[in-house]
Amino acid sequence: MTATDIIAPGGRPAVDEAAIEVRGLRRSYVAQRRFNPLTGFSRATAHFEAVRGIDLRIARGELFALLGTNGAGKTSTVELVEGLSRPSGGTVRVLGHDPFTERRLVRHRTGVVLQSSGFPPGLTVREQARYWAGTLTAPRPSDPLLEAVGLAGRLDVQTAQLSGGERRRLDIALAIMGEPEVLILDEPTTGLDPESRRMVWALIRELVDSGVAVLLTTHYLEEAESLADRLAIMHAGRIARTGTMAELVADQPAQISFGRPADLNLASLALPGARLSVDDDAVRIETTTMQRSLAALLAWAGDVQLTDLQARSASLEQVFLAIANTEEPS
Amino acid sequence: MTTTTTTTNRVTTGRGPALRRFGALVRTETTILLRNRTAVFTAVALPLFMTFAFSGMDIGGAGLGALLATMLVVSSLMFVVYYTLVTSLVGRREQLVLKRLLAGEPDPIEILIAPAVPLWALLVIQSALGVGAALLLGAPLPNPWALALAVVAGAAAWTALAVASAALTRTVEAAQLTTLPLILLSLLFSGFSVPLGALPGPVQTLAHLLPMTPVVDLVRLAFTGVGADGRAVAGGADALLAAGAMVLPLLGWTALAMWGGLRWFRWEQRS
Chain A
1 MTATDIIAPG
11 GRPAVDEAAI
21 EVRGLRRSYV
31 AQRRFNPLTG
41 FSRATAHFEA
51 VRGIDLRIAR
61 GELFALLGTN
71 GAGKTSTVEL
81 VEGLSRPSGG
91 TVRVLGHDPF
101 TERRLVRHRT
111 GVVLQSSGFP
121 PGLTVREQAR
131 YWAGTLTAPR
141 PSDPLLEAVG
151 LAGRLDVQTA
161 QLSGGERRRL
171 DIALAIMGEP
181 EVLILDEPTT
191 GLDPESRRMV
201 WALIRELVDS
211 GVAVLLTTHY
221 LEEAESLADR
231 LAIMHAGRIA
241 RTGTMAELVA
251 DQPAQISFGR
261 PADLNLASLA
271 LPGARLSVDD
281 DAVRIETTTM
291 QRSLAALLAW
301 AGDVQLTDLQ
311 ARSASLEQVF
321 LAIANTEEPS
Chain B
1 MTTTTTTTNR
11 VTTGRGPALR
21 RFGALVRTET
31 TILLRNRTAV
41 FTAVALPLFM
51 TFAFSGMDIG
61 GAGLGALLAT
71 MLVVSSLMFV
81 VYYTLVTSLV
91 GRREQLVLKR
101 LLAGEPDPIE
111 ILIAPAVPLW
121 ALLVIQSALG
131 VGAALLLGAP
141 LPNPWALALA
151 VVAGAAAWTA
161 LAVASAALTR
171 TVEAAQLTTL
181 PLILLSLLFS
191 GFSVPLGALP
201 GPVQTLAHLL
211 PMTPVVDLVR
221 LAFTGVGADG
231 RAVAGGADAL
241 LAAGAMVLPL
251 LGWTALAMWG
261 GLRWFRWEQR
271 S
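Those protein sequences? They're chains A and B, same order as listed. Heads up: the first sequence at position 329 corresponds to 329 in the working numbering, and the numbers run straight through without jumps. Heads up: the second sequence at position 59 corresponds to 59 in the working numbering, and the numbers run straight through without jumps.
One or more of the hints may lead you astray.
Derived list of chain A stretches under chain B, where covered just means 3 residues or more per stretch with a C-beta under 8 Å from a C-beta of chain B [to be verified]: (1) 117-127; (2) 132-142.
Counterexamples of contact, computed for chain B against chain A with all Cβ distances above 10 Å [as the list claims (entries may be wrong)]: (3) LEU129; (4) LEU135; (5) ALA255; (6) MET258.
Using C-beta positions, here's what the derived DEER-type ranges look like [unchecked claim]: (7) B:TRP264 to A:HIS47: 30 to 38 Å; (8) B:GLU268 to A:GLU247: 31 to 39 Å; (9) A:ARG23 to B:ALA45: 55 to 63 Å; (10) A:SER163 to B:ARG170: 28 to 36 Å.
Just so you know, the hints here were simulated from the structure itself, not pulled from any lab data. Backbone N, C-alpha and C fix where the C-beta goes; we use that ideal spot for every residue, glycine too.
Whole structure, please, built from the sequences with the hints as guidance.
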């Protein structure tokens, strides 16, 4: 039996309707309270706005990755989409419903992997799976599911004894047990070894292929690059950049670098549309037309051997760092 | 092995799914409770200990049997239902179990009430033991239905109070402190550590509005047929009226505490 047999739920029609739609979403927390000794009630005196007006639209069969620096508001955003807290402003619609006020209409169609597993103490994997199945409207049989995430041999182990990777895989098995149409994964592969991570990625891809909409947050840029159809980078409570991978890196320059050659004159290197900078012995070129710049560079060098020659097209990491380094707008 | 994909009925209206869900929560809570030897021991031993410690007291002329039953019902409510539920809700919150459930299908109220159900079972068992002992000691039981009211309305009020207290309690350690005010108030003003008759009139009236005094009154009504004011109540309609006046404050506490608890409950510990 392969994971494919188990995970693909009899292909739902891909409808062009937003699975998740977020508009003008805001969330602020009380940062400070003042306690009134007369009335016994405390009053909020200061607020911190973690989410400052964001828009998202995620279609069925699409994987959307939400990236961001620490404290950018990712988890707050995800909790609002999960319906765990009420927005301070704006709207969230999951499959057309408000996940906070209309939880009964939404919950049986969504699956969630939280950052924390939240397994009660003293239960085995099998008991935890049975327990969770009991809370679901339409659970799938748990044994094949646990086998698909590689936990078949661990059924009678206490959840507290599981390794970080096993716990995460159990989390994911429970999240997809109710055959969700929308899956929300908050850092699902944090702490996993490379093999477990590949396993989880394969599972997620199959779910997306079968029409499930996935909202994923992650710290691993390569995870987003490998899985996401579209992504957004959050910074200071706002979405700094959003689009497909190609769109995100489009306005970032490619980079060429090499060791400064002693017997060539840099002034005679003509590179239209590129920016050249020299840092001690290293030369860096930022260009939007990498191939043309490379050709010009190689022609200029002629027979001279360039040391440490490297050429890289724009990467997600570059985009991410460019955003992370911008000053926080207040 | 092949997996057949069945078309599942995705409608959740009606009581079926909610009941099944609640049943699953209760089953797991019971398993967890029974596996926690310390919790079970505390839940069983504390009321028994309290009962022996206070069995020398005199509550308004009732015999030893009635006193034993009162003590068991009262201390069961306080330590088994109230205290255990506060600590288990706060503990589940620290373990982020509540957050997981909230992100799933169960409703908030189901999540908060499910851990109380096995505690209610313990309450019923201990109350039954107390009543059995009272009957063996020869205590008369003219109004047995008032005893059932005491247990049911008391369980409702003290479950709701536990939810409210858990909402105001940040850590499991803090629970020992946050549960103290209600426990002390109840011990002082329920009429079995300090006779209520010895208190000034207005204080007596207030005492009967507290969440434990009506429970004591109901148990006493069951065993002795005496009303809240200490005078004998004729059977039938008068006894029903008297019991109604005792149940009302309990219902008030249930509604108030549940409303506040649901409103202020934090599902995740914030640092």
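Structure-based check of each hint:
1. 117-127: holds (count 8)
2. 132-142: Holds: 7 residues of the stretch 132-142 of chain A have a Cβ under 8 Å from chain B.
3. LEU129: holds (27 Å)
4. LEU135: With a cut-off of 10 Å, LEU135 (chain B) remains clear of chain A, as the shortest Cβ separation is near 38 Å.
5. ALA255: holds (20 Å)
6. MET258: Holds, since 18 Å exceeds 10 Å.
7. B:TRP264 to A:HIS47: 30 to 38 Å: Given range 30 to 38 Å: violated, Cβ gap about 18 Å.
8. B:GLU268 to A:GLU247: 31 to 39 Å: About 35 Å separates the Cβ atoms of GLU268 (chain B) and GLU247 (chain A), which means 31 to 39 Å holds.
9. A:ARG23 to B:ALA45: 55 to 63 Å: holds (56 Å)
10. A:SER163 to B:ARG170: 28 to 36 Å: holds (31 Å)
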